[in-house]
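Numbering-wise (the working numbering), the sequence shown opens with residue 119 and increments by one.
Since the hints were made in silico from the structure, they are not lab data.
Note that the coordinates shown come from a computational prediction; the quantities given were computed from them, not determined experimentally.
Cβ atoms here follow ideal geometry from the backbone N, Cα and C, with glycine treated the same way.
Keep in mind that a hint or two might mislead.
As the list claims (entries may be wrong) - SDA-like cross-link-like pairs, simulated, lysine to any residue; straight-line CA separation at most 20 Å: (1) 209 x 219; (2) 385 x 148; (3) 176 x 148; (4) 185 x 145; (5) 282 x 354.
What the hints assert, rightly or not - Distance ranges between label pairs, derived from CB positions: (6) 391 x 217: 27 to 35 Å; (7) 287 x 384: 22 to 30 Å; (8) 231 x 168: 19 to 27 Å; (9) 335 x 287: 33 to 41 Å; (10) 182 x 349: 36 to 44 Å; (11) 218 x 298: 32 to 40 Å; (12) 387 x 298: 16 to 24 Å; (13) 345 x 389: 13 to 21 Å; (14) 230 x 146: 28 to 36 Å.
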Amino acid sequence: MDISLALGGGGTKGYSHIGVIKVLEHEGFNIKAIAGTSAGGLIGALYLAGFSPEAIKKQMAELDQKKLYGHAEGEQPSLLGLSGITEMLTKVLGDLTFAELPIPFAVTAVDLNSGEPVVIQEGSVLEAVLATIAIPGILPPRLRGDELLVDGGVSNPVPVDIVKELCPNVPVVAVVLSQEPGTPSAPAHLQIENESPVLERLTRLKVAQALNIFLRSLDVSSRLLAEMRLEIDNPDVILRPDVSSIGILDRVDVEEIVLLGEVATLKQLNNIHRAVRWTSRVGKFIGIDKMMRRIKERNRDETRS
């Protein structure tokens with residue numbers, strides 16, 4: 119039962135992707151390709167690097183909250199840093215490249231210098247992930263040659279079109295972390311450890327409140343863009359984990375968010391099976407049609423000779 123995954127962005131909401139993959143594995147689906155944006159790129163990369171959903175959940179739960187938003191040496195300017203995530207990813211991904219992954223994989227980013235969307239599917243997986251999770255202005259962008267790369271959600275929150283290119287004629291399951299239009303956006307509850315000098319700066323300048331408003335605005339704009347893209351790109355199945363109460367950078371119980379992904383997938387299992395069966399029938403029909411045309415062409419050639 120072949121499928122491909124388009125894993126959307128959404129910060130800590132993205133832990134729900136772990137639950138989605140866990141259920142799909144358990145149900146016997148064969149994931150043929152993955153495209154991810156932001157958190158979707160992060161979880162997709164860890165999975166394709168060989169880590170089980172349970173192992174990924176453990177890695178996320180064990181992230182050092184005191185270091186999570188600290189600045190690492192050499193980072194580009196940003197309000198918050200990524201030292202915690204960078205440290206973890208460096209340990210588990212190392213110098214892994216896209217060419218070494220078991221199936222096609224891509225992440226999305228945007229080049230601030232050109233304003234163009236960027237699809238990364240070669241080179242360092244670590245660098246690609248750090249680019250796709252770089253929320254503009256909040257988390258540090260990544261330099262790649264002449265490109266200054268930030269979160270791909272700016273242009274493509276759920277990369278359905280990308281995964282269709284990676285693996286044509288396979289049903290696409292899109293995991294959307296924004297809610298449907300009309301659902302209120304969640305207030306962000308960004309928390310930074312008291313020991314961090316960043317907290318003092320944020321409190322003194324009242325930047326924390328402004329940051330929360332910015333993150334909510336980003337969530338709303340991402341939702342609207344995602345809905346427009348879904349109308350155009352037309353995935354076979356859409357999963358929407360119930361993460362509407364969670365802000366992009368909230369501190370959360372990882373296990374609870376993973377469970378939301380599991381629940382959303384279980385609710386849509388029948389539709390996923392239906393999409394697989396339908397695609398299989400269409401594939402067989404196309405195969406028969408091509409065979410008939412080849413037979414007709416051969417018969418015409420024999421008649422002429």
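Results of checking the hints against the structure:
1. Simply put, residue 209 and residue 219 have alpha-carbon atoms about 17 Å apart, close enough for the 20 Å limit, and the pair holds.
2. For the given pair, residue 385 sits about 19 Å from residue 148 by alpha-carbon distance, which is consistent with the 20 Å threshold.
3. As the CA atoms of residue 176 and residue 148 are separated by approximately 23 Å, the hinted pair breaks the 20 Å bound.
4. The suggested pairing of residue 185 with residue 145 is violated, with an alpha-carbon distance near 37 Å, which exceeds 20 Å.
5. Taken as a hint, the residue 282 and residue 354 pair is honoured in the structure, with Cα atoms around 11 Å apart against an allowance of 20 Å.
6. Taken as a hint, the range 27 to 35 Å holds for the pair residue 391 and residue 217, whose Cβ atoms sit roughly 33 Å apart.
7. For the pair residue 287 and residue 384, the beta carbons lie near 26 Å from each other, so the given range of 22 to 30 Å is met.
8. Between residue 231 and residue 168 the beta carbon distance is about 34 Å. The supplied range of 19 to 27 Å is therefore violated.
9. Between residue 335 and residue 287 the CB atoms are about 38 Å apart, so this pair conforms to the stated range of 33 to 41 Å.
10. Distance hint for residue 182 and residue 349: a CB-CB separation of about 41 Å, consistent with the stated range 36 to 44 Å.
11. As the Cβ distance of residue 218 to residue 298 is approximately 38 Å, the hint placing it in 32 to 40 Å holds.
12. Checked against the hint of 16 to 24 Å, the pair residue 387 and residue 298 passes, with Cβ atoms roughly 20 Å apart.
13. In this structure, residue 345 and residue 389 meet the distance hint of 13 to 21 Å, their C-beta atoms being roughly 19 Å apart.
14. Here the CB-CB span from residue 230 to residue 146 is close to 42 Å, at odds with the stated 28 to 36 Å.
Against the hints set out earlier in the document, violations occur for numbers 3, 4, 8, 14.
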